[in-house]
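There are 2 protein chains.
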Amino acid sequence: MIDRLMQKIDQCRNPTVVGLDPTYEMIPYGIRMEMIEKYGKTTRAVSKMLLCFNKAIIEGVGDLVPAVKLQIAMYEQYGLEGIRAYLETIVAAKKKGLIIIGDIKRGDIASTAAAYASHLGGVTIEGTHFDIWNEDAVTLNPYLGFDSIEPFLPYCTEFDKGLFLLVKTSNPSGGEIQDLIADGVPVYEHTARLVSQWGRLVMGDNGYSKIGAVVGATYGEQGKSLREKMPHTFFLVPGYGAQGASGNDIRGYFDRDGRGCIVNSSRGIIAAYQKDKKYGAHNFAEAAREAVLTMKKDLEDKG
Amino acid sequence: MIDRLMQKIDQCRNPTVVGLDPTYEMIPYGIRMEMIEKYGKTTRAVSKMLLCFNKAIIEGVGDLVPAVKLQIAMYEQYGLEGIRAYLETIVAAKKKGLIIIGDIKRGDIASTAAAYASHLGGVTIEGTHFDIWNEDAVTLNPYLGFDSIEPFLPYCTEFDKGLFLLVKTSNPSGGEIQDLIADGVPVYEHTARLVSQWGRLVMGDNGYSKIGAVVGATYGEQGKSLREKMPHTFFLVPGYGAQGASGNDIRGYFDRDGRGCIVNSSRGIIAAYQKDKKYGAHNFAEAAREAVLTMKKDLEDKG
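As given, the protein sequences belong to chains D and L, one line each in that order. Using this note's numbering, the first residue of the first sequence is number 1, and each one after it goes up by one. Using this note's numbering, the first residue of the second sequence is number 1001, and each one after it goes up by one.
Just so you know, these hints were derived from the structure itself, not from any lab. Check the hints yourself; a few may be wrong.
Some, not all, of what chain L presents toward chain D, calculated at C-beta under 8 Å [unchecked claim]:
no.	residue
1	1077
2	1118
3	1126
4	1166
5	1181
6	1257
Where a beta carbon is used, it is the ideal one built from N, C-alpha and C, also for glycine.
All chains should be modelled from the sequences, with the hints used to inform the complete structure.
The structure is reproduced here in structure tokens:
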């Protein structure tokens, strides 16, 4: 995954990940009404809205970016039908050649982690293999330590998949546990050390591991310091745009060659049409495309 | 939830939670073959197996225990059809009057946590409310701090729901982050302090909060110490039985009145028939019932 991702970033000359995390309110009124008319006020209608919206975004930006990130919670909240939209969006994005990051933030004891690992490895039923989720990489929460991560590693190797482990999150209260000082350094640096260490078990071919780290864009100095401490760890950086960070804030997240990180924007891209009224709701995909190009420019030469 | 849970524990005179976390291998061969014959080698077949197995267990133990805990990973690994079995198991357990704990261990930034909160609060589509998941309580991972928890709180109050937040997990590598020493005490004690503090926002009527803590059974002394430090926090205790702990190990997890914790066993109950060959596979529910009675006895007078 990591080598494919780096290659795609080079091809697109763009380290932007589009976060396909639509809320109900982001979906243009016309699409909402069309689906409600067809399927009633049901979760099935919302599922169809999400898919229709995502497909248009994918069509609009698919040639400009290497990857999309799906926040599974936005789908899971609608139960079975929501999950259906998640799975079908993955199929659509794969058809467009995009790398899929499932933002699932799972984390559990070994036997349970083995079950969650189906996100990368699928399941086998009486000798027949099923892909099931089919993400290229997933995010995981490392609070339970290595045995919650280990079951995913064989798939990183065997199926060329990847992981991004939470190290330093972008939300305001992320520091309550992550910034506690242990042995003179914050907990997130201990987490960083562990993630870096585990990463050596599944190195890619271009200097980076298949185990990356989630490092929020809202902490410029810490991000820079983590880049130095984790030279083999690719960063997935949330918090750009709507959460407040710009290209300048994350300059230090890139390595000397301008590689080493991929920057996610969700609202800032997929809901761009709501911010700039010049587009109108029916041009939401065009607005997303423009937003990606603006972001690309903002990120250029940050390495 | 917490008051209903405590009342049910009193009624059953039993603080046992049955973990409905079946692996494929735990399902008796006869059930497997029946469903494969009907539905082929498909995830739908496995979904039917899981539901059939769970329903029999619920029938076998439902009058002896206050609650069941469903580890969602065991279902999620089979995708849509697995989730269907999860949802239908919840319906069956509710019919039997059991309290449902969804072991989902989610944890994300505020806007995403609001979506995950549908596990407790459902969703509203154009003015129509849908229950969707319908658990009475869920487990959450607090690595992202309070804003990942806050969106669940209105439902604790409004719909009488509850939470159990990871504090000290039962797995071997749980200490890698949780046992780091910050300001002289381990990280899990800091987490405990936060959980206890947040818990005051949603107190129940009987001295315990609607925000509980997950405290593994495999650390007797730490559990006892946490009980003293968190007098208003109910414990959900995994790790009994198959993970190695017995009633004596968790004596200190109970308060002076013999209340304050609920103890989960999964494999030790639902796969009891595989351990004691006297039952045979067709008596798996009877074996589970016997295992619950044995566990009840082991836990008696531990307060």
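Hint validity - residue 1126 of chain L Cβ closer than 8 Å to any chain D Cβ: 5 Å, holds
Per-residue hint verdict: residue 1181 of chain L, partner chain D, C-beta under 8 Å: 6 Å, holds
Residue 1118 of chain L as an interface hint toward chain D, with CB separation required under 8 Å: With a minimum Cβ separation of about 4 Å from chain D (threshold 8 Å), the hint on residue 1118 of chain L holds.
Restraint satisfaction for residue 1257 of chain L [CB to CB of chain D, less than 8 Å]: Cβ of residue 1257 of chain L sits 30 Å from chain D, so the hint is violated.
Agreement of hint residue 1077 of chain L with chain D interface, Cβ distance less than 8 Å: 4 Å, holds
Interface restraint verdict for residue 1166 of chain L against chain D (beta-carbon cut-off 8 Å): Holds, about 6 Å.
The structure fails to meet hint 6 from the earlier list, while all remaining hints are met.
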